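Asks: Each chain, letter by letter, is given below.
Number of protein chains: 2
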Amino acid sequence: MLGAMQDWDLLVTKVIDHAAREAPNREIVTHWADGSETRTDWAGIRRDAMKMAQALEALGIKKGDRVASLAMNHARHLVSWYGVAGMGGVLHTINPRLFEDQLEYIANHAEDRVLIYDAAFQPIVDKMRSKWTSIEHYICYDPPEGSDALGFEEWIAPQDGDYQWAAIDERDPCMLCYTSGTTGNPKGVLYEHRSTVLHAIAAIQPAAFCFDASSVMLPVVPMFHAASWGLPFAGAMAGIKFVFSAVNEPAVLCDLMERENVTDSAGVPTVWLATFQYCDANDRPLPKLRAATIGGSAAPKFMIRRLMEAGIRVQHAWGMTETSPLGTVGGPTFDWDQLTLDQKVDKAAMQGRPVFGVELRTVDLEDRTKVLPRDGEASGALQIRGPWVIRRYFKADEDALTPDGWFDTGDVAILHPDGTMQITDRTKDVIKSGGEWISSVELENAAAGHPAIAEAAAIGMFHPKWDERPVLFCIRKEGQQVTGEELIDFLKDHVAKWWLPDAVEFVDDIPHTATGKISKKDLRDRFADYQLPE
Amino acid sequence: MLGAMQDWDLLVTKVIDHAAREAPNREIVTHWADGSETRTDWAGIRRDAMKMAQALEALGIKKGDRVASLAMNHARHLVSWYGVAGMGGVLHTINPRLFEDQLEYIANHAEDRVLIYDAAFQPIVDKMRSKWTSIEHYICYDPPEGSDALGFEEWIAPQDGDYQWAAIDERDPCMLCYTSGTTGNPKGVLYEHRSTVLHAIAAIQPAAFCFDASSVMLPVVPMFHAASWGLPFAGAMAGIKFVFSAVNEPAVLCDLMERENVTDSAGVPTVWLATFQYCDANDRPLPKLRAATIGGSAAPKFMIRRLMEAGIRVQHAWGMTETSPLGTVGGPTFDWDQLTLDQKVDKAAMQGRPVFGVELRTVDLEDRTKVLPRDGEASGALQIRGPWVIRRYFKADEDALTPDGWFDTGDVAILHPDGTMQITDRTKDVIKSGGEWISSVELENAAAGHPAIAEAAAIGMFHPKWDERPVLFCIRKEGQQVTGEELIDFLKDHVAKWWLPDAVEFVDDIPHTATGKISKKDLRDRFADYQLPE
Ligand SMILES: Nc1ncnc2c1ncn2[C@@H]1O[C@H](COP(=O)(O)OP(=O)(O)OP(=O)(O)O)[C@@H](O)[C@H]1O
Ligand SMILES: Nc1ncnc2c1ncn2[C@@H]1O[C@H](COP(=O)(O)OP(=O)(O)OP(=O)(O)O)[C@@H](O)[C@H]1O
Ligand SMILES: [Mg+2]
Ligand SMILES: [Mg+2]
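Sequence order for the protein chains is A and B. Quick note on numbering: the numbering used here labels position 17 of the first sequence as 17, and the sequence is numbered without any gaps. Quick note on numbering: the numbering used here labels position 407 of the second sequence as 407, and the sequence is numbered without any gaps.
The hints are simulated quantities; they were obtained by calculation from the structure and are not laboratory data. Keep in mind the model is a prediction, meaning the values are calculated, not measured. A hint or two may mislead.
For chains that are exact copies, the list does not tell them apart, and a pair is met inside one copy or across any two.
[Claimed, not checked] 20 angstroms max Cα-Cα, derived SDA-like pairs, lysine to any residue:
1. K344 to D212
2. K301 to V495
3. K395 to D7
4. K428 to E366
5. K497 to N248
6. K288 to Q338
7. K62 to L2
All chains, please: the whole structure from these sequences, using the hints.
Replies: What follows is the structure, given as structure tokens:
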């Protein structure tokens, strides 16, 4: 050998070791479902994770076994992330908002051996227990007084915490997340130690979450949604303070943000919308954050503008469960200070730029072998490559990649010359009219810009001549009036003429998935017999 | 297989690919030795690196072969970093300020096959040529009009740039740097693709260089000094603008910083000192930087204070050639905003905190098996572990690690409970008096705080009763007066009584190494016959 650098595997255990060593007393605050609050710190998280690892081994859990959680955001859930990974297990974070058949499907598909759940989800556990065939042990994170469930703290208490993390290879799995089920049944993505650690190092850079020791993050994005966007790992790496809330009421969140000097928060657009509504109704200013990350679905412009006007840096992020999830983030561009507010809003309404480790390309929707130019115009199927991007779904027989090694996202996007990526649709939702593509997302965003519209969803309906024509389903804001004609008139200023919907239908609700996204699948089912007006 | 994430090796080629794809037109400016200026961009750097890779292959250079550079900072040097690594070669960046015997030793030890050099170093090449036994090809980065040397641009021009990066494993080497030779002959450190990429991702985080697209960096630290602290890789990853200067005159640097809107710079303390002196003499304000990184030797407090008072964030960094070199950096702590300026200066005078990927410990100087507490008091031998830390020196027969896998830095340090590391000395320079240790660095820093002292070096001299006693060698500032007694009086307020030097000797110069550090080895040699006063 000529010479060499050290062997040092990229392991999740090293992340928690680092946090406990370098930021031992940086706080982890939890607001629990019952309104109580507890405080621990990185040293405490690591100590409890070691005890939990011992407790799992005592149950006979082995390397590679799946341990499930059905829980909101709190410190004990965080302990489980490191405790399960640290003994070589795989934490499967189940989304409690999934439908019953999905809940049944994924726990059995994952072959979970242990389930640790919040008392709030006891009804789900009671209902599903007989259908879950592999779960041997049920443990409750926060058993109410008098409950006969085994409590998490009670369970790990007998362990002495004198534990050596299991011998793990950096390509071993540490976590299992299923996709949101927007386009079909949720699919399992098995994160590895290496992919998780690389994702976390990338996530703390200024162009992404921009974490340093002074950051105080309240993640509203749940720990069961794409690993809470990797925040619990990135935050440990940078030694930040976390504020968790097991309830997502805006009043609680705003109080917590104020009281704990929260600097950063992250959530899907509906979370930010709920914050706006609460603050308006209660005459409260928006929380004083440094940065707000919005992702999971497209962030509408009015939302971006309002946050920016409040002095908050907006990070519009795009990602998928399959990409750990960080794909692109809209941090400031090199010329940010020279842009007007309007220009900033326009830029931030796109999905941002890839950090190192993410490679993007778009290919023709019809001819997938044809790579499209990054010209800010051509829109095509978005494909991605990188060390934290999926190769093969959990238990699948085949890799989920193109013959030349790219993962097809199922999204339709435009790549701009400056690296900015703009999602225009999902391939399944794009509306094909007369051989041309109409972006359902752009139509919806334009409609949401009307002051009387609360939410809008565009889907393509069969048309004998044009193949498909767009129909817009809208919810009016409470107390507001607008007709379909008025809305179409309004849209004329914002989209091409041939994009204008053939009809606008006002509805009382629009179906959503378990992660709060519009479910076009359900909308299409609901309106299966819909007839376009002549 | 249960499921998996993608295979995606951490390669230096991916770094330049990323920069050229995502920030193709972000500028790379060079101020050349002849005063001319050129501009290229990341797309240009990659294009030229591909041509250079082809040109090297045309010379018969093979994977693993060493290609040397003897050059200052400029865009063609940067091209070489990626061109050599991209064809599987190893770039050996030679320090032109090394002494002749060192120059002879390292080029032959490295078995360099090609040397690419600046015209400014033609005299070195002419003198050494006959002693360098392995170099087959000499190429000049900037041949003056009429020179018969092969010019770099001329050499790569015939290539078409249609190149596929070589097939490289992430553990393959990409770069060879020798240490500064402060304590003995320079030792070769062979950086790998993986170690280099991980170091770069870590380096862009807010707690380290804090790079994003808006950063404009003028690295004064030379590209031959510990890979210019990894900046050329970190900067590419974040798509920053670089401003290089092949000359290090403060007037040129200050002009460039102003003209090119430089936000960041980095250099050893003497570089910052020269900037102060130039600005004072010319009644110019300090450059308006966001951040100044100081490393390579301890940054004195007056320097830190002055930069902070000018509104510049000070990043006092510690590292070694053996650690790629990032070990610790003094970015803001979590409570930074609550500190007074004095407290900030005191904190920043220590060497900062480790980023994720760096593990530190201190062990007893006499009993190396005894790990010391992180109590802010115990000082011991500093040891380090991590993916960008050396395992084995180039061509060494044995690993350079302790039996339990740590690299001993040769530095003496104190670890504080909040993670801050404080260098107190080198193990070879520490002064042992009556069984207790005196920190030569602290003595020097205290002396440098006297307004009449320009530079100070403390070394231990033999003492029949105490083993060693400190002697302080000092240079007075021009036109300033101070006696040894007055200085010792001054020191009484700053160090323990038994640390006070037995003698102060005023000298006209203090010997320095090739990277501008005080060479205590040479000082000890020069004063080998020194007698302590009775
Ligand atoms: N900023 C964003 N703008 C627009 N769409 C986004 C954004 N962020 C995420 N998305 C959408 O969310 C998808 C990823 O979501 P997730 O992994 O939670 O599951 P899903 O795709 O909704 O469900 P499933 O894959 O099971 O159908 C992306 O493919 C994209 O369609
Ligand atoms: N911020 C700092 N404060 C104090 N000392 C520092 C700092 N940064 C670096 N150093 C010193 O520089 C050393 C690393 O320097 P480098 O790798 O350039 O070679 P060297 O140690 O000077 O030379 P050699 O190893 O050949 O004797 C560290 O071990 C430490 O002693
Ligand atoms: Mg999906
Ligand atoms: Mg050294």
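Asks: I'd like to know which numbered hints this structure contradicts. Please list them from smallest to largest.
Replies: Result: hint 5 breaks, nothing else.
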